[in-house]
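Colleague: Chain residues, written in single-letter form:
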Amino acid sequence: MAVVTVGSAIFALEAKEIIYGAIGLAGSLFGVATLFFLLNAPYVAVFQISVYIGAVAVLILFTVMLVREEGWAKEAKPVGLTRVAGILTGLAVVLALGFAIVATDLSQFTNLANGATFVNIGQLISTAYAPVLEILALVLAGAIVGAIALSRVDREETAH
Amino acid sequence: MNSLSDFVLVSAILFGIGVYGLVTKRNALRLLFAVEIMINAANLNFVAFNQYLPFGTAENALGQTFVLFSIALAAAETAVILAIVVVAYRLHNDIDVSEMKTLEG
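Protein chains in written order, with this note's numbering: chain Y, -13 to 146; chain U, 427 to 531.
It is worth saying that the hints were derived from the structure and are not from the lab. Here the structure is a predicted model, which is why all the values come from computation and not from measurement. A few of these clues could be false.
[Claimed, not checked] Not everything, but these chain Y residues come out facing chain U in the computed CB check (under 8 Å):
#1 Ala(-2)
#2 Val50
#3 Met51
Built from N, CA and C at the ideal position, the CB exists for glycine as well.
Bound conformation, chain U alone:
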């Protein structure tokens, strides 16, 4: 049986990959990937701790509930980011974030 530290370690590794992506990549879509990976790492932590060490009774589903909210928020965030990417591509013909030096529409 898997132990709690296995899941938390996987989550930590995923988070590290996300940090690496955020530091190195200059492509807006890659940055979005990195952020998604980090969000998933956090969600994994929520569910793992909810299963192994629930708050109060064993039937407490607080962690899973938070993950549902988090997934919905991430979906909203992704929609906005993708719209920004499309607009930026139309304006600059490029989605390299280091080329985006102006904030004017």
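In isolation and in its complexed conformation, chain Y is listed as follows:
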């Protein structure tokens, strides 16, 4: 599953057509959701599937189709130097994190059979982190209204 996740993440960035890239991104998000299942966090996994694949990926797909035109294929190829620099930077990050992970003895921690359940999540969300939930709702509403306002103002301008 990790291979699927990583592979479709690379595919999302490297696919020729950006719409295939969007589908690859959805696959990668789904792979992360299955990893959540493996980590005994089914609530988070289902939340990830419903929000990311159900909303975000579909939103991205619609935007891609909305924005796409015949000149779409002229997506600028990264110059060789940029590409090498990108690969080097990515590798450096992976190596640095990887060495830190390998050097830290993480194998001493074992998977807890009876970990947190959605009951614990619900208790946390509705008690200590209830203000966060409220603020998050406001942020989400503000973001959606802002997004609508952005595209709406523009339509009025182009009508002139």
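Chain Y is fixed; fit chain U onto it per the hints.
Modeller: Chain U only, in chain Y's frame:
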């Protein structure tokens, strides 16, 4: 059984892919993909550490709670970015970020 370092390594690799995408790509949507991948890498870390090494008792779900908040925030962010992309496309007929040199509407 998978160990904690497996999940954390996958997360690190995903983060590296995201960094690579941020450095090389010039298409606004590709940049959004890269950011989403990096956010997912961070979320994976949260859930993995919550499962293997919870804070306090084993029933502590703090990491999973944070991931729920993070996913909601990422959704809001995506909505705004996509709106900006659509507006930029209408204005410039292009979503190449290196072509966006003006900030005027």
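Colleague: Name the hints, by number, that the structure is in violation of.
Modeller: The structure conflicts with hint 3 only, although it agrees with all the remaining ones.
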